[in-house]
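**Q** Each chain, written out:
Protein chains: 2
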Amino acid sequence: MLIALPKLPLPSPESITRALLELGRALGDSKVLTGDACENYARDESEATGLVPAAVVLAANAEDVRRTLEIAESTGVAVTPRAGGTGRTGGAVPVVGGIVLATDAMKQVKEINAKDLLAVVEPGIVTGDFHAMVEREGFFYPPDPNSLGSCCIGGNVAENAGGPRAFKYGVTREYVLGLEAVLMGGRVVRTGKRTVKGVTGYDVTSLLVGSEGTLGVFTEITLRLVPKPPEVATVLALFDDVRHAGAAVSALVAHGLVPRCLEMLDSATLDAVRAQKVAIDPRAHAMLLIEVDGESATIATLLEKIADVLGRGEGLIDLLAAQDPSQRARLWEARRMLSPATRKLAKYKLSEDIVVPRSRIAELLDGVDEIGARTKVRYLTYGHAGDGNFHVNFLWNDDAERVAVDQAIEALMRLTISLGGTLTGEHGIGLAKAAYMPLEQSEDLMALQRDIKRVFDPKQLLNPGKIFPVRPGHGAC
Amino acid sequence: MLIALPKLPLPSPESITRALLELGRALGDSKVLTGDACENYARDESEATGLVPAAVVLAANAEDVRRTLEIAESTGVAVTPRAGGTGRTGGAVPVVGGIVLATDAMKQVKEINAKDLLAVVEPGIVTGDFHAMVEREGFFYPPDPNSLGSCCIGGNVAENAGGPRAFKYGVTREYVLGLEAVLMGGRVVRTGKRTVKGVTGYDVTSLLVGSEGTLGVFTEITLRLVPKPPEVATVLALFDDVRHAGAAVSALVAHGLVPRCLEMLDSATLDAVRAQKVAIDPRAHAMLLIEVDGESATIATLLEKIADVLGRGEGLIDLLAAQDPSQRARLWEARRMLSPATRKLAKYKLSEDIVVPRSRIAELLDGVDEIGARTKVRYLTYGHAGDGNFHVNFLWNDDAERVAVDQAIEALMRLTISLGGTLTGEHGIGLAKAAYMPLEQSEDLMALQRDIKRVFDPKQLLNPGKIFPVRPGHGAC
Numbered sequence: 001m002l003i004a005l006p007k008l009p010l011p012s013p014e015s016i017t018r019a020l021l022e023l024g025r026a027l028g029d030s031k032v033l034t035g036d037a038c039e040n041y042a043r044d045e046s047e048a049t050g051l052v053p054a055a056v057v058l059a060a061n062a063e064d065v066r067r068t069l070e071i072a073e074s075t076g077v078a079v080t081p082r083a084g085g086t087g088r089t090g091g092a093v094p095v096v097g098g099i100v101l102a103t104d105a106m107k108q109v110k111e112i113n114a115k116d117l118l119a120v121v122e123p124g125i126v127t128g129d130f131h132a133m134v135e136r137e138g139f140f141y142p143p144d145p146n147s148l149g150s151c152c153i154g155g156n157v158a159e160n161a162g163g164p165r166a167f168k169y170g171v172t173r174e175y176v177l178g179l180e181a182v183l184m185g186g187r188v189v190r191t192g193k194r195t196v197k198g199v200t201g202y203d204v205t206s207l208l209v210g211s212e213g214t215l216g217v218f219t220e221i222t223l224r225l226v227p228k229p230p231e232v233a234t235v236l237a238l239f240d241d242v243r244h245a246g247a248a249v250s251a252l253v254a255h256g257l258v259p260r261c262l263e264m265l266d267s268a269t270l271d272a273v274r275a276q277k278v279a280i281d282p283r284a285h286a287m288l289l290i291e292v293d294g295e296s297a298t299i300a301t302l303l304e305k306i307a308d309v310l311g312r313g314e315g316l317i318d319l320l321a322a323q324d325p326s327q328r329a330r331l332w333e334a335r336r337m338l339s340p341a342t343r344k345l346a347k348y349k350l351s352e353d354i355v356v357p358r359s360r361i362a363e364l365l366d367g368v369d370e371i372g373a374r375t376k377v378r379y380l381t382y383g384h385a386g387d388g389n390f391h392v393n394f395l396w397n398d399d400a401e402r403v404a405v406d407q408a409i410e411a412l413m414r415l416t417i418s419l420g421g422t423l424t425g426e427h428g429i430g431l432a433k434a435a436y437m438p439l440e441q442s443e444d445l446m447a448l449q450r451d452i453k454r455v456f457d458p459k460q461l462l463n464p465g466k467i468f469p470v471r472p473g474h475g476a477c
Numbered sequence: 001m002l003i004a005l006p007k008l009p010l011p012s013p014e015s016i017t018r019a020l021l022e023l024g025r026a027l028g029d030s031k032v033l034t035g036d037a038c039e040n041y042a043r044d045e046s047e048a049t050g051l052v053p054a055a056v057v058l059a060a061n062a063e064d065v066r067r068t069l070e071i072a073e074s075t076g077v078a079v080t081p082r083a084g085g086t087g088r089t090g091g092a093v094p095v096v097g098g099i100v101l102a103t104d105a106m107k108q109v110k111e112i113n114a115k116d117l118l119a120v121v122e123p124g125i126v127t128g129d130f131h132a133m134v135e136r137e138g139f140f141y142p143p144d145p146n147s148l149g150s151c152c153i154g155g156n157v158a159e160n161a162g163g164p165r166a167f168k169y170g171v172t173r174e175y176v177l178g179l180e181a182v183l184m185g186g187r188v189v190r191t192g193k194r195t196v197k198g199v200t201g202y203d204v205t206s207l208l209v210g211s212e213g214t215l216g217v218f219t220e221i222t223l224r225l226v227p228k229p230p231e232v233a234t235v236l237a238l239f240d241d242v243r244h245a246g247a248a249v250s251a252l253v254a255h256g257l258v259p260r261c262l263e264m265l266d267s268a269t270l271d272a273v274r275a276q277k278v279a280i281d282p283r284a285h286a287m288l289l290i291e292v293d294g295e296s297a298t299i300a301t302l303l304e305k306i307a308d309v310l311g312r313g314e315g316l317i318d319l320l321a322a323q324d325p326s327q328r329a330r331l332w333e334a335r336r337m338l339s340p341a342t343r344k345l346a347k348y349k350l351s352e353d354i355v356v357p358r359s360r361i362a363e364l365l366d367g368v369d370e371i372g373a374r375t376k377v378r379y380l381t382y383g384h385a386g387d388g389n390f391h392v393n394f395l396w397n398d399d400a401e402r403v404a405v406d407q408a409i410e411a412l413m414r415l416t417i418s419l420g421g422t423l424t425g426e427h428g429i430g431l432a433k434a435a436y437m438p439l440e441q442s443e444d445l446m447a448l449q450r451d452i453k454r455v456f457d458p459k460q461l462l463n464p465g466k467i468f469p470v471r472p473g474h475g476a477c
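Quick note, the sequences are listed as chains A and B, same order.
full-length UniProt numbering numbers the first residue of the first sequence as 1 and each following residue consecutively.
full-length UniProt numbering numbers the first residue of the second sequence as 1 and each following residue consecutively.
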């Protein structure tokens, strides 16, 4: 196990027995997995392994969710909500076993409203499927996490997912107008609105978005759509050095250019992609992938300006642009290959997703080099450079290297905070980064959040062990 | 008094005496107004009049704010925070007297960071002054509440202010990256980040934005900037009927057009403006003001499309477009005249700012006519049609009409909710709309928010009487 589980009290065997009995009675046995069938639910796509849950509820509707949270509260058994299970920080990992509440079967798209530019969906719809559905009708839902082929909207909302297009369009929170959420004990609240504007009461919707399954379980999500951009163009720029690529990012932003994506791949990342037989100019030690959208007149102007800015900077080796979808896909090939390509580089990989202010990108890259040199841990860096959001991946083969890896990660976190950055841009804190929270947030701010958590979940039974560092003797949160 | 104050227990004379003594000792007498000097602080720009506060603190810095909230908590005296005092729903009105904490002297702009596209400001900077400051450096801060000449950023953040440009650019919350806030008792928390992306912990920043001064007092605000759009064009379209103007709004949105402003004025509003000697074609019974921005190529395309869509609809009388700043100002004249013009129409005016989904605009306009006919209360309607956010103004001269006005307002609120809308788009709930909260939000959702309020302010001393309907026997919140 690459990520240690916090030590929390486990539900008692008696409470588990009672919960299983009541769940079976309330939902029917076909919706409640037990025994071996639960084994697949101890993990998500993070490097953490939880305890095998005693029961997995396959919720088919909001009432199943409500009953589950009612029974969990009354029996005192912890619940871990799960949508696609593609999270990278352990958000869906059941730290104390208990019940996993799976909402991935709730896939209904209840409404796509062309006049009001919104959609109402259940949490289990796969993000990529939802993209296709709204784009067929001329609309656009921008958030595009890399796992969009398998992640679900419910998980995207819980983690406030981002993606390359966030540079222009923002992250999931910017698209969630309203939520139906079930709280521990079975209280159902409908928050938010069906309009873009609205300031009635506190913004409970924004509080729930990104709460990593610790405040409530979503049963219905109202999403804002935007008009589908008429044209898209992709630009691939190769550089001799990652610092020149970083300077190009700063120059583009300084010129007021807002591409929809502005991605960067460093030298080690390009090597990993080359190892997968993708041809990339051997002189290139960094790549930028830039994507613009809009009216064709706008695109022509933007492409011209981008070429001009990049051409005037240092270290540009080659520049390719494409508007045709299949040619665009070819330019994205290296970026899309990344996850499989880097996975093959070593036995173990831990991927961070820190963010720094754009003006500090060069210092970040230098600092990562320094950390790599000092700890001797292999690393590669790529990510959403336009947002200052980088995936720094640490790679190793030998268990004995683990101490050095932990030192490298902690050094990266400290560097990030010293540069005015934040621990995570899109993956969330989960289990993986809870220990680093005090580097970024004061005791007072964490205490305030723990108090908010207690309002929603007084018994600390919903997704325990996540976000906040576990303090011995303080229970789950 | 047009808006009744909720009945809440007043601070005891002994606690007031102690608070005055401690404030004077901690801050110096020059920062603590008492007696007659406090009279101007019983009101803001709403129709509510509070009790004259026992003391007004003129905070010069964050430490003054901290000491004030510390003393207020320890002496048990309520505090009402105030920035520009331009709110329309009584957010800055001291319901129980006590202390008014004024932050409008904290006007420093601490940083305008070109590379990271952000600014760090104190709460008392006037919004229009901040606009001018960032635009001189080539940046743009979109939120543009109508009161931008006198309102302050701190109040904009507290109320989550909008404005015409929200249609394209969103409201204040979309621009607040981080906050330094002081909580009751004097705890200081720094929330958020200096990066656009970031998902560390709960979104306490978004919770504080729009909390109407009931959760904390801002002492520093980190704002996201965007590049200043190179060109702007304004279009004025006159229609024979407000329903044709409404249909034009729907048609523009259906064609995927996103102007930065999309404002509508109805017939009664145009008459009010005409009465101020502004020449408007006598055949016109509705006006749309449309503004687009971007590259000049984009603008040309957009203007062409807008003219095409409007020309194909019904009832268009005239269409004027301008890119020159002074000509643009002329087109905006009618819109800018509105507040003074409508104020002169009657002795009393109450202005609502309800929002409906765009597809329901026609039903809203019909419903408002029906309410006017039934209650015989004079009304006029204008607002941010693109967002479905309308200012419905009720006008009357005779105190005896007040009962009918209350009936009209309640009917408007019920209509809004029945159309899937929300009570307020930018003014907040404050005192003015607290009684209508239960029309929109469930008891469970309100209880959850009251619990959140209690986390920040257990003694219910910060801006009591706002947002939530006061329940007899339940104290301030």
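Since the hints were made in silico from the structure, they are not lab data.
Please read these numbers as outputs of a predicted model, since none were measured by experiment.
Hints are not guaranteed to be accurate.
Unchecked claim - Here are the computed lysine to aspartate or glutamate pairs in the DMTMM-like style, where the Cα-Cα straight-line distance is at most 20 Å: (1) B:Lys305 with A:Glu314; (2) B:Lys115 with A:Glu314; (3) A:Lys115 with A:Glu135; (4) B:Lys344 with B:Glu295; (5) A:Lys168 with B:Glu295; (6) B:Lys115 with A:Glu295; (7) B:Lys115 with A:Glu135.
**Q** Taking the hints in turn, state whether each one holds.
**A** Evaluation of the provided hints:
{"no.": "1", "hint": "B:Lys305 with A:Glu314", "verdict": "40 Å, violated"}
{"no.": "2", "hint": "B:Lys115 with A:Glu314", "verdict": "19 Å, holds"}
{"no.": "3", "hint": "A:Lys115 with A:Glu135", "verdict": "15 Å, holds"}
{"no.": "4", "hint": "B:Lys344 with B:Glu295", "verdict": "40 Å, violated"}
{"no.": "5", "hint": "A:Lys168 with B:Glu295", "verdict": "16 Å, holds"}
{"no.": "6", "hint": "B:Lys115 with A:Glu295", "verdict": "27 Å, violated"}
{"no.": "7", "hint": "B:Lys115 with A:Glu135", "verdict": "34 Å, violated"}
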